[in-house]
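Peer 1: Residue-level listing of the chains:
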Amino acid sequence: MSQTMRNVVLFGLMGLLIVGTGLIQGWNLALTIVNMGLISGVMALGVNLQWGFAGLFNIGVMGFVALGGLATVLVSMPATPGAWSAGGIRILLSLVLGAATIVAAVLVQQRMEKGRMRSVATVAILVIGFFVFRAAFDPGVEGVEAINPASSGNLGGLGLPVLLAWPVGGLLAAGAAWIIGKTALGLRSDYLAIATLGIAEIILAVMKNEDWLARGVKNVIGIPRPVAYEVELQQDPGFIERAASFGLDPVGASTLYVKLSYGVLFALVLILLLWLAQRALNSPWGRMMRAIRDNEVAAEAMGKDVKGRHLQIFILGSAICGIAGAMMTTLDGQLTPTSYQPLRFTFLVWVMVIVGGSGNNLGAVLGGMLIWWLWVMVEPIGLWLMQVITSGMADGSWLKDHLIDSAAQMRLLTMGVILLLMLRFNPRGLIPER
Amino acid sequence: MDFLNAIVAFANFVFVPGLAYGAQLALGALGVTLIYGILRFSNFAHGDTMAFGTMATILVTWLLQSWGVSFGVLPTALLALPFGVAATALMVLGTDRAVYRFYRKQKAAPVILVIVSMGVMFVMNGIVRFIIGVEDIGFADGERFLISARTFKEMTGLDEGLAIRTTTVITLVTAAISVALLFWFLNKTRTGKSMRAFSDNEDLALLSGISPERVVAVTWIIVAALATTAGVLYGLDKSFKAFTYFQLLLPIFAAAIVGGLGNPLGAIAGGFVIAFSEVTVTYAWKKVLGYVLPDSLAPDSLVQLLSTDYKFAVSFALLILVLLFKPTGLFKGQSV
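So the sequences go chain by chain: L and B.
The opening residue of the first sequence carries number 22 in the working numbering; numbering runs sequentially from there.
The opening residue of the second sequence carries number 190 in the working numbering; numbering runs sequentially from there.
Same shape as in the complex, but just chain L:
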């Protein structure tokens, strides 16, 4: 079977899974899975860019996804009245001050001669800078957080259309990736992994604690939508008529319509990014990337700027993860920093890439859709399995209750087993790199 045929068959099977879910469990669930599956596909594309093209081991995906979510709030929410005058400007200025401190310390490191003087100067700049920064920063935060703390207490956003937040999410993640890449990309693979894991955790800590930014753990709800609201559709006579012509009730039709419109938007983004990634992979740039991945020393000897190229692709991949994060928060309509878990947003994306086929964009997208489908379906399947296993046991026995209660924990186990089996027996993935 040719490669193209194989791809068509695999994506066809994926489609069948979705259709099957729709027929058995309802189209509402099927569309929910498709929407998140498309977003997962985008995330997998980003990780594939870093790992598949360049061999960069980034396990800080969660951080970039969360930054994308933050961008949605900052772009699309209306500004909190009075927040800027109460301390917003002060916060911004003090952040500039903090950045200036770090720049000064870096400059001292670069310009002064190595020795005790340099270390003392660096430490002094950082310590004094920290206290000056806190002195300028804290009153501003207090001012902003005092404004109507029950419903806002943050700066709010710019009130722009939410679709604009998607590229902005990418830019925000790219900015963070630039800083991280500058400091951590020279490290060996294991160290880079641990550094990125930690940085993702720091990004999350900032988002949870800095209430002035996006309300921290108090969550931001009611983010504007790029698509219609169900309630409005249900009151639109034209829509009700059209729904009736399909034989659907207005409530069901409106939820399906909203989900479909999200799906179309996400699919457009995915197709655009996929097209770009394919172009990149087959360009001289893509070949250079793979040459660097396969043999850094040889590529460097050929005059390739390994460090620069690594930084470039790290930023690009992270930006894609940021876009996916912004899309996800738009879909949810809310930003809940506590819902970002590394197992779900970093390691699961890695399972997607490895199962799909690292180094192959189509594979990554397929892996994203397939693993997301499994992630959702493992719970009902696990519950059913447990009911079958325990059907012979007496009702009310503790083992039966325990097994049925624990069926929800089957997810991680299944994902781990799939990853291990895939790595062992088919390490190149479902759609291998050509």
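A hint or two may mislead.
[Claimed, not checked] Calculated pairs, BS3-like style, for lysine-lysine (alpha carbon to alpha carbon, straight line, at most 25 Å):
id	chain 1	residue 1	chain 2	residue 2
1	B	K515	L	K229
2	L	K135	B	K521
3	L	K203	L	K135
4	L	K203	B	K515
5	L	K229	B	K427
6	B	K377	B	K521
7	L	K421	B	K430
8	B	K382	B	K521
9	B	K515	B	K342
10	L	K135	B	K475
11	L	K239	L	K229
12	B	K294	B	K382
13	B	K515	L	K328
14	B	K430	L	K239
15	L	K203	L	K280
Note that these hints are calculated values from the structure, not bench results.
Based on the hints, put chain B in the right spot on chain L.
Peer 2: This is chain B only, laid out in the frame that chain L set:
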């Protein structure tokens, strides 16, 4: 008097908790560093190995408690610990056999082994959640305090109390015994020496007739013992929760790297460095400074450098600094 009060407040809120946390991290980091030294990869499943060992220990503890067995003033979990270690050792040896050995034979790149350990992490995490659930479980019994804050105040007549918890003492004593045993084993016994030889230079060790499979098996058993002990001590001190143990991976790696990956002495030092920096940076110094400084200078604010939620950020900031300025760690570790 004020000065004494300041010292006692410092000891009670910073020094003693930092010491206990540092010992727990050090034991965890020793496990990570041994795997890195012998098997040459960063084991992401280590946090979940700790969770598994603690879970096994808790189950045995419950069994002992249901039989009415207790350890007097000490927690019953200490009696159950050897069984927990044995169960964990069997589990990691089984994992090595089923998963890691294949890649070792292939001489797979370290990064592949790291990804494989991610898979193992998922599976172990799933097993632990499946068996014991996701809730917070406290399993410390026996006497809670060696000296409670009130007794201390009555004894010394100071305003500040210094509470010494039983779990703190147990943590320190157990950690000291484990570390002493480990170093004796590595430095004095034949197997320990062969392990160090293997870690220093694999080819030379193989040439001199050291059996690699034996070294690897012994390493896994030691790692299981260290991980279980660390996990149980942490659980006794705080409480057991599957997700918390997964998160412990971060400070543990930070400790191992700050100390120098592959260097056992470094892992211990790294554990304490990370623990003390987390505690000191996130502690509100108002009370201590209030005693030391004259009234006119006494601070109004909490004098907390960063809020407690940033404790992971502290360990990682340290980690990044060490990686940038001294990539081999404080004690010279390996950098392959």
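Peer 1: Next step is simple, just say for each hint if it's right about the structure.
Peer 2: Here's how the hints hold up against the structure:
1. With a C-alpha separation of about 31 Å, the suggested pairing of K515/B with K229/L is violated against the 25 Å cut-off.
2. Proposed proximity of K135/L and K521/B is supported: the alpha carbons are some 21 Å apart, at most 25 Å.
3. Proximity of K203/L to K135/L is assessed by CA-CA distance (about 21 Å); at most 25 Å being required, the pair is judged to hold.
4. In summary, the hint linking K203/L to K515/B is supported, as the alpha carbons are separated by about 17 Å, within the 25 Å threshold.
5. Annotation: proposed proximity of K229/L to K427/B holds, straight-line Cα distance about 23 Å (limit 25 Å).
6. With a CA separation close to 22 Å, the supplied pair K377/B and K521/B stays within the 25 Å bound.
7. Among the hinted pairs, K421/L with K430/B is consistent with the structure: their alpha-carbon atoms are about 23 Å apart, no more than 25 Å.
8. For the hint pairing K382/B with K521/B, the CA-to-CA distance comes to about 19 Å; that is within 25 Å, so the pair holds.
9. Distance check on the hinted pair: K515/B and K342/B sit about 45 Å apart at the alpha-carbon level, beyond 25 Å; violated.
10. Restraint check for K135/L and K475/B: not satisfied, since their Cα atoms lie roughly 37 Å apart, outside the 25 Å limit.
11. The hinted pair formed by K239/L and K229/L meets the criterion: a straight-line CA distance of about 8 Å does not exceed 25 Å.
12. Proposed proximity of K294/B and K382/B is supported: the alpha carbons are some 23 Å apart, at most 25 Å.
13. Taken as a hint, the K515/B and K328/L pair is honoured in the structure, with Cα atoms around 20 Å apart against an allowance of 25 Å.
14. Restraint check for K430/B and K239/L: satisfied, since their Cα atoms lie roughly 24 Å apart, inside the 25 Å limit.
15. For the given pair, K203/L sits about 40 Å from K280/L by alpha-carbon distance, which is inconsistent with the 25 Å threshold.
The earlier numbered hints that this structure contradicts are 1, 9, 10 and 15.
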